[in-house]
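*Asks:* If you read the protein sequences in the order shown, they are chains Y and B.
Quick note on numbering: the first sequence equals residues 1 to 255 in the UniProt record's numbering.
Quick note on numbering: the second sequence equals residues 1 to 332 in the UniProt record's numbering.
Among the clues, some could well be false.
In silico BS3-like links for lysine-lysine, alpha-carbon gap of 30 Å or less [what the hints assert, rightly or not]: (1) B:Lys284 - Y:Lys147; (2) B:Lys206 - Y:Lys138; (3) B:Lys280 - Y:Lys147; (4) Y:Lys85 - B:Lys206; (5) Y:Lys93 - B:Lys202; (6) Y:Lys147 - Y:Lys195; (7) B:Lys206 - Y:Lys147; (8) B:Lys202 - Y:Lys138; (9) Y:Lys147 - B:Lys202; (10) Y:Lys85 - B:Lys202.
Per label pair, the in silico range of CB-to-CB distance [claimed, not checked]: (11) Y:Gln68 - B:Gly201: 23 to 31 Å; (12) B:Ala180 - Y:Ala249: 44 to 52 Å; (13) B:Trp113 - Y:Gln68: 39 to 47 Å.
To list a few chain B residues with every Cβ distance to chain Y over 10 Å, as calculated [as the list claims (entries may be wrong)]: (14) Val103; (15) Phe134; (16) Thr145; (17) Leu255; (18) Val269.
By construction, these hints were calculated from the structure, which means they are not laboratory data.
As the structure is a computational prediction, the values presented were derived from the model and not from experiment.
All residues carry an ideal CB built from backbone N, CA and C; glycine is no exception.
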Amino acid sequence: MSLPLHVQAQGVTKSFGSHQVLTGVNFTVAPGEVSCIIGPSGSGKSTFLRCLNALETYDAGTLAVNGQQVGYDYRDGKYYEWSNKQFAAFRSKLGMVFQRFNLFGHLSAEENVACALVEVRGINRSAARTRALEELRKVGLANHSHKRPHQLSGGQQQRVAIARALAMDPEVMLFDEPTSALDPELVDEVLETMKLLAQEGMTMIVVTHEMGFAREVGDTVNFFDNGAIVESGKPNDVLSNPQMDRTKAFLAKVL
Amino acid sequence: MPKQRVLRPAQLKGPDGALAPVVKLRHLDQWFVGALALAVFAWLAFTLATNQNIRWSEVAGYLFFPKIISGIWVTLMISVVATVLGLLLGILLAVMRLAHNPVLNWLATLYIWFFRGTPVLVQLIFWYNLAFLFPHLVVKIPFTTIGYMWDTNDVMTGFTSALLGLGLNLAAYFAETVRAGIQAVDTGQSEAALALGMTNGKRMRKIVLPQALRIIIPPTGNEFISMLKTTSLVYVVAGNDLMTNASQIYKQNNLIMELLIVASIWYMVMTAIATFFQSKLEAKFGADAVRLVRRPGFIQRLFLRVGSNAESSAPQPAHVREDVTTMGKEMS
Ligand SMILES: Nc1ncnc2c1ncn2[C@@H]1O[C@H](COP(=O)(O)OP(=O)(O)OP(=O)(O)O)[C@@H](O)[C@H]1O
Ligand SMILES: [Mg+2]
Chain Y
1 MSLPLHVQAQ GVTKSFGSHQ VLTGVNFTVA PGEVSCIIGP SGSGKSTFLR
51 CLNALETYDA GTLAVNGQQV GYDYRDGKYY EWSNKQFAAF RSKLGMVFQR
101 FNLFGHLSAE ENVACALVEV RGINRSAART RALEELRKVG LANHSHKRPH
151 QLSGGQQQRV AIARALAMDP EVMLFDEPTS ALDPELVDEV LETMKLLAQE
201 GMTMIVVTHE MGFAREVGDT VNFFDNGAIV ESGKPNDVLS NPQMDRTKAF
251 LAKVL
Chain B
1 MPKQRVLRPA QLKGPDGALA PVVKLRHLDQ WFVGALALAV FAWLAFTLAT
51 NQNIRWSEVA GYLFFPKIIS GIWVTLMISV VATVLGLLLG ILLAVMRLAH
101 NPVLNWLATL YIWFFRGTPV LVQLIFWYNL AFLFPHLVVK IPFTTIGYMW
151 DTNDVMTGFT SALLGLGLNL AAYFAETVRA GIQAVDTGQS EAALALGMTN
201 GKRMRKIVLP QALRIIIPPT GNEFISMLKT TSLVYVVAGN DLMTNASQIY
251 KQNNLIMELL IVASIWYMVM TAIATFFQSK LEAKFGADAV RLVRRPGFIQ
301 RLFLRVGSNA ESSAPQPAHV REDVTTMGKE MS
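For reference, chain Y alone in the conformation it holds in the complex (with noise of 0.2 Å):
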């Protein structure tokens, strides 16, 4: 292997309470892949998602981004628990997109996107914002700059979400099914800009129901199923050609 892997996980799980939401998720990304992760409600994709980027715990198993254990330095044989400042600093360095967008209600479009380059990465205001207009005309929304969320459609929200998390610059994007809260017409502008960002060469972990994307742009396709992942492999194989039983029910049920 050439390339040290991104993210890395295996034997990954994860209970609440009595109810094991993940129990055992090995997965692998490599630096520029986009891979996207389908499967049914409740099979706790997101919670992975969570997993990686330290919003949620996890029980037990090897969770790594860039060679570095989730959540714990290790050190002379033991495992150190985070202080709350690596948590940040780490979180800085993914980028996450939510289902439902989660902009900022109290901030326009522009500061949105330059909030954290100011609060996190401690970059003046005026540079922020510079870059902050840059990143919004990557989306094509350099002319809604100045509008609150609530002014703006579903798709221009989540745009605007795309471009907060690529203003920190981060080397990994994780997307929660970023078009599932979209009016069907507005998917593609959406997916369009999720597309030139993988051509760029960014790498995604795209968690979807939209299997027309997962073929055309995903690296490799992995097929989520009670808190593990049951098949992965390339889109073409896992989406046309499932050997699981599992996979081919879903599969009937959303093609």
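Chain B with the ligands: place on chain Y using the hints.
*Replies:* Same frame as chain Y, now just chain B with the ligands:
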């Protein structure tokens, strides 16, 4: 009850195609009820105004009496400082209650329980008499003699006891408002903030609190207005506020009713002015939310009419509301 404006077609055509006149419905019942209410009100006002036992000339004479005016300033001062103290401490308490640290959580709960569980009157008298417990207040570095000492009775004047008593008490109530405000902010906002790498403190100060303000701000106006009147309790610790000064005057000259009327007039004036500014505050922070709850008060409408030189007919509520909003925006 909100008034509904009925939209009538301006012109109606008869069967022959020509315009036919419309006969307006007369709301006789409404006229009758209105006249009755007005009669009752007039009678009350008349009995009060002509009551031989109230010397209105004394009321007028004491209205701008220096001691009354100085009392007003003290009342305003206590209200403002105690409210600010209460708001800041209330935010701190709310954040403590929502913190993961169980000790902070528990302390905040205890504080709120204590200050909501005891009457504010008791608290005022307690602070005023703190010297019985601690004759001296000492600030010093432990295990050294470096520090400073005050006589408690010099520090705990009526004024400072009032600030402490009212401020600490308001904080306990306000903490609940702030907590509700914080909890009303969608958790997705917090998640997005954390995902961008913000620390918990930044998340709270930059993302959550600013949005919670929309919910927190409208009640603060009410807290202040209620504080204006609660300051009258300060009279038990002789805080030189409006009520204390009025009572000192009537204890000498026995014009009890007259001075109570003087004090009431001033409290009403202060409340009216505070209400006016409250509406501006609300318009600025939570125009949409607040508008649904309450329309501007009588005094406000009066101000607005004078201010905008409105047309002679009574302004429709909807129209006034829009004015309030714009005035708020101009302020920002
Ligand atoms: N904070 C939580 N506390 C308890 N249970 C949770 C929590 N978060 C998620 N779960 C449970 O974990 C399971 C997996 O949820 P998750 O959101 O990861 O599913 P998902 O695959 O993303 O589904 P969807 O496609 O509907 O988004 C669900 O049964 C859910 O009820
Ligand atoms: Mg999900």
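*Asks:* Could you check the structure against the hints above and give me the numbers of any it violates, in ascending order?
*Replies:* No numbers; nothing is violated.
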